[in-house]
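**Q** Chains as they are written, first to last, in the working numbering: chain A, 340 to 787; chain B, 13 to 341.
Incorrect hints may appear among the rest.
[Said to hold, decoys possible] Pairwise CB distance ranges (calculated):
1. B/Tyr171 with A/Arg618: 51 to 61 Å
2. B/Glu193 with A/Trp451: 12 to 22 Å
3. B/Gly96 with A/Ala532: 54 to 64 Å
For the record, the hints were derived by calculation from the structure and aren't laboratory data. Think of the CB as a built atom: it goes at the ideal place given N, C-alpha and C, for glycine as much as any other residue.
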Amino acid sequence: MTDSERLPLRWTLGLKILVALSVIGAVTIVYRFIVGLGPVTNLTDGYTWGFLTAVNKLTQIALAAGGFVMAGVIHIFGGHRLHGVARSAILAAFLGYLLFISALIVDLGRPWNLYWAIVSWNHYSPMFEVAWCVMMYSVVLLLEFTPVILERYRMTRTLKAFHDYVPYLIIAMLTFFTFVMTGSLLWTGAVFALTLLWEVLMRRGIMPRDHQMPLLLIMAGIMFSTLHQSTLGSLFLISDKLSPIWYSPLLPFIFFTSAVMVGPSMVVLERLLTTGIRRREPEIDVISSIARAMPYVIGFYLLVRVADLVFRGVVFEIVGITGQSAWFWLEMHLLVISLALYANLDSLPRKITLLLASLASVLAVVVHRVGVTMIGMSVPEYPRYVPHWLEYVMGIGLLAMGLLAYRLIVHFFPVYPESWSSHSSDQGASPTAALEPAASAVTSAPEV
Amino acid sequence: MSGLSRRDFFRTGGRLAAGLGASTGALTIIAPPTSAKERGTADSEALEQLAEKAAGQAALLYDATLCIGCRACELACNEKNQLGRTDDEIFAGRPAEDARALAPDVWTYVTFHQIEGDPSTASWGKVQCMHCIEPACVSSCPVVALEKTEEGPVIYNQYKCLGCRYCELACPFLVPRFEWETWNPYIRKCDMCYDRQQEGKPPACVEACPTGALLWGTREELLADAKARIEASPRTYVHHVYGEHEAGGTAFLHLAGRPFDELGYRRNLPLESYREYTKQSMLSVPYVLSTLALALGSVAWMVNRTKIGSEHGKSAEAGPAEGEKGGAA
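With the hints as constraints, model all of the structure from the sequences given.
**A** Okay, here's the thing in structure tokens:
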């Protein structure tokens, strides 16, 4: 297909705004690397993590959870009918991780030393685990997106090699990761044996094989994500500066559950907001089948949060009238609103309800992460942290860069096969026919 | 159509719930045994082990009742570590009671405290790295830039530092300082003159102290000394050696004649090593990995057995794309 047949990339107002925000953000970031973090942030030695950490790192990663949740639902838990949303969810997750890394580079004092995380191991540090999970999962996401690139250039043979060799790469990654985290040969061997077992069973034809995506790749995505999401919560366990409203030994689990909760909402939101790009009405039935699971997921998360507060005996902290308790209630209200809207989908106008419901749960996670990183922290020795306006400029600039990258990638690669095929549906043998079921390119290759 | 999709949904939902349950099981072990709010419930056995570990390590003892606030220790520290402050700056100081006295170029600081209008409560205090036995900063540092040496001092390998500032978030004593005003920042804090100690010399601050308010020795000796002082003059001292058990115990021990919170010391710190708070979470990593590897593989097998099997059969007859299309529509 030539470029002229594709839907043109229109120079819309939205795109102009994104470019403007990106440029302003980029300039500020350059300035930050000249003068240091002090002049462009209000961070102090007491409040050492701020807006970039709360929004561009912690929230960003939670929102990227759509990638592993949808991949798991589709490829492991049998939700094949949702297959149409897998690609965009994976792309969103991948860009989410790239954005996280960008924000990390801006926020770290000495980002050029990042390679030490690979060389110098501290098994006791959650930050060490986070660093490794980010590296590993970014590779996994890139691999999960690779078929799209290979299809774009019709590299069928490479695609077959991809399916043949990626599982071994994954086994190696998981095994090495286990060794890095534990330093124990026993554990390393166990993980190696388990993952190799599945692959052998699949190659022998004893266990069914997923022809769209290597099973081990999906599994690795879920494993790294689970650890990463929960460990971002563990980071705060060592700090004694966090209010009891948020400090809980369950923080890792709460971070993980909230990410699982917000992942599908992000997919719903993305489906609804990209109808313009894709030039078609949102697939309400697919979205609705995701949405129908949401009341249970949000309900479970709410239950965990409330039970956590009750069992730790901090109910009185949240009924006091303080900024912190108000912030907590804001989150609870957003969750309840989201739950109520998702649960009453049938009796309300669909599109707007879905939009508001998904937006509410996304915001609830933003509020939670900001609560943990900024609102809940108190170091009485230091003046309260309020972000510098340039922190917003950098954070929002980075987000704009991410959205811009997303817009360009969906233009040049078949993330949304439907928007690619609309102009060439008459050419039966065009590559777009192969794009619709992602599997066909692979399955048409002779079986091993 | 809608009935079918609903059934499909519930089937998927049920599997999702089962999967969530499995990962929940794996994840609950992430939770550490005690919350930070149950502090003071110290495990005395663990504390003894920590004390034993540190018994022969280098330590410092500060006796606030002997301190005359002459700032000789600060001058010596400034000179030895080439922190670049002038003597005038040091003597002008900051508001002496400011608990934020430490800075990238201030690694030790003598504070002054008194209850307003009551000069009899006047006392000096000292802010400096506590060199914990199991430091939160060392536990949190992802690249071992901060390191607890065999000899006792907590040192900083600046060539490894990422500047993530997690050590600042973790430190219960608010000690590490970050250089905010430069593009090439480091973390700065006292290293107990590790290089001098290697040569057998005491830290600069101890050597400079004219009254013996600062002492250098092994932790065991100094702890015994501190307790003996309290016993010898029980009316002079608060009956508490700050640092004996705080945050699992520190190598910098403090004695004072006024309650420590009056002197700006952080109070009610947990009596266990901060490493314990994230330890469980880190130990659970291989359990989560192997549980998930087992569970996800099994679920994928069970769930996809019929589906992919039938698709496989179909694709053999009707061509590859057909089977999947039928499933997806």
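**Q** If a hint holds in the structure, say so; if it does not, say that too.
**A** Hints versus structure:
{"no.": "1", "hint": "B/Tyr171 with A/Arg618: 51 to 61 Å", "in the structure": "holds (54 Å)"}
{"no.": "2", "hint": "B/Glu193 with A/Trp451: 12 to 22 Å", "in the structure": "holds (19 Å)"}
{"no.": "3", "hint": "B/Gly96 with A/Ala532: 54 to 64 Å", "in the structure": "holds (57 Å)"}
Consistency with the previously given hints is maintained throughout, with no hint failing.
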